[in-house]
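Enquirer: Take a look at the letters that make up each chain.
Number of protein chains: 2
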Amino acid sequence: MQELFALLHPFKFKHRSLCMPEDPKMKRECYGVFYVTYDLKAEEQTKTWKKMINIAVSGAAGMISNHLLFKLASGEVFGRDQPIALKLLGSERSFQALEGVAMELEDSLYPLLKEVSIGIDPYDVFQDAEWALLIGAKPRGPGMERADLLEINGKIFAEQGKALNAVASAALICLKNAPNIPAKNFHALTRLDENRAKCQLALKAGVFYDKVSNMTIWGNHSTTQVPDFLNGRIDGLPVEEVIKDTKWLEEDFTEKIQKRGGVLIKKWGRSSAASTSVSIVDAIRSLVTPTPEGDWFSSGVFTNGNPYGVAEELVFSMPCRSKGDGDYELVKDVIFDDYLLKRITKAEAELLAEKKCVAHLIGEGIAVCDLPEDTMLPGEM
Amino acid sequence: MQELFALLHPFKFKHRSLCMPEDPKMKRECYGVFYVTYDLKAEEQTKTWKKMINIAVSGAAGMISNHLLFKLASGEVFGRDQPIALKLLGSERSFQALEGVAMELEDSLYPLLKEVSIGIDPYDVFQDAEWALLIGAKPRGPGMERADLLEINGKIFAEQGKALNAVASAALICLKNAPNIPAKNFHALTRLDENRAKCQLALKAGVFYDKVSNMTIWGNHSTTQVPDFLNGRIDGLPVEEVIKDTKWLEEDFTEKIQKRGGVLIKKWGRSSAASTSVSIVDAIRSLVTPTPEGDWFSSGVFTNGNPYGVAEELVFSMPCRSKGDGDYELVKDVIFDDYLLKRITKAEAELLAEKKCVAHLIGEGIAVCDLPEDTMLPGEM
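Those protein sequences? They're chains H and F, same order as listed.
Under the UniProt record's numbering, the first residue of the first sequence carries the number 1, and numbering increases by one thereafter.
Under the UniProt record's numbering, the first residue of the second sequence carries the number 1, and numbering increases by one thereafter.
Derived from the structure by calculation, the hints contain no laboratory data.
A portion of the hints provided could be inaccurate.
Given that identical chains are not distinguished, each listed pair holds provided it fits within a single copy or across any two copies.
[As the list claims (entries may be wrong)] Taking lysine-lysine and the DSS-like style, the derived pairs with C-alpha atoms no more than 30 Å apart in a straight line are: (1) 51 to 211; (2) 266 to 71; (3) 256 to 50; (4) 71 to 50; (5) 266 to 51; (6) 346 to 41; (7) 47 to 266; (8) 50 to 266; (9) 71 to 256.
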């Protein structure tokens, strides 16, 4: 199971204005200046724009969202002709901060941002959402066991999953709690790990990071994650032909990716928000723009039918390609060696153990929580 | 004098790589992956790109910069064909956080971001900078008098002004300490106030904020600022023809803009960073793209030669237009009435009094600090 993030790709729902609900019993209201309704087809400047899409974001008062929402509103994610409605999910405790975020969105005067609504009821906020960005998980506190964290965040995602399923369009628990939404529409973020892996390979090879391609993160967004240097390429060549230091690749490289988050927390006093939000943008763009020929990206997706022999019924990061339609297919031409397989198997074992911990949250009976070791999320101290 | 922000427009300096100084005695080094040097003309993908520009940012470890730097790197400010070098100025105390920012910039894999260097010596960091974004002022602490704040931030800007002048390409103090740089190249930010004013007028008029134009903030980024509803337009019509509530315009409107920052601090627990960085982006874009026909923008600029009768030798926010070449001209066809003139005169009086407070920092003898009242910056409590 991946914490932190999940996204749904576009659903084909009839658009209904969030700000002027057809059913007057619906109490959700647009925030501040966004109470105005817009007929985008009536104006010269906006009549060629696409139909508005609704984007629901949980954890909307948090630090990652504080970067991400402004990127969504600016048009850099979905394009300069895609008007958007933001539906922000907070908690009772964070409601004032959520209002502050909505105020800053007002003050930013983004032309594409036509609606902002805020709320604390996921059933309400996820109504009609074509994309749901679930960023509302809690970070692990000092002295907290990973199993405790799974329990807490599992409940959050279970609730959000149920809400998504009930009224409209987040990892395994969420997916299992939303049986009406195709499992293929759920993604768990490993893109930050992919980006960090590309950067570290570039640094070691002495090239710019845009020369690194075909980078897969296998498995979990945790210390068992597997940055795959066997299939990765630098300037079109296999990584191992450019970086001949096998010890560095097998030992230092993976550790650098895994520990990057922790180093950042020490330097910066809090976990990475800016680069995390950049990676969320990258992840979404990878689904809405065609993948460059010969390349791929990593995403935590449902394992059913995967060609790599990973256990079914898991969410597992694997190499994906997209035609840009919001959908993806798994990459077939990847190779494996003993080292890579051993590492993937370890990641799989962790996810299978985590799954047993949350059995009660995914409708699979009584939880048996016997995690083999207390693995950490990248960034945890 | 405006605190918070100042920018310089492009200078015609010969580009020299910051990462590989010609003079080996120069110790500045690019951070991490950015130590690699790039020949942009050698590659198919980058050979049509513009020549790289150097952007120096002070206060680079702060919250505003944490948003702004990623916007600069993404290409949304200067365009998708403009490679950039970021030169980040921090303090000894903030150096670790500055490293964290540089690490997050690495992890973001921005193709246009070709160089990042970090330092604590303004003379070094401002070397060869075409743009300098001075965001390194301190916010006012509890119980601090405005005069104390002026003294502290005045010294910061005096040092930065001297450094800019000495080696390469910030408000009145900074300008006065950099006599070799044309005064016209200095801008103090009032764009956040302008954006907030547009939003509040739109809210009151029941229209979307893109319908509000010709919005001037006159004067200082403080409570004496004058949001000008006399010259402002909504859907092409004078504001007062659309909003006929004169009491609201004269009393509530201005107060709403002035107090917006304070309300946000209460809601959000800290001052606005995201929307401030959006407004900095807006301010820069207003200088590098042609102003739309008939419209204008506000910027705090040097008053010498202004057609409005504002005292010379001040930095004062006034209506500007640009051809998109980094330069600007003041707008001539604005109208005044008694109410507007009275308000502008009050803002001018405040800035003249502040100037006397910092006389020692601008080479004008001994400071006489007798501020008429303890005015506040928007957002101060």
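Enquirer: Please name the hints from earlier in the document that this structure breaks, with their numbers sorted from lowest to highest.
Expert: As far as the earlier hints go, 3, 5, 6, 7, 8 are violated by this structure, in ascending order.
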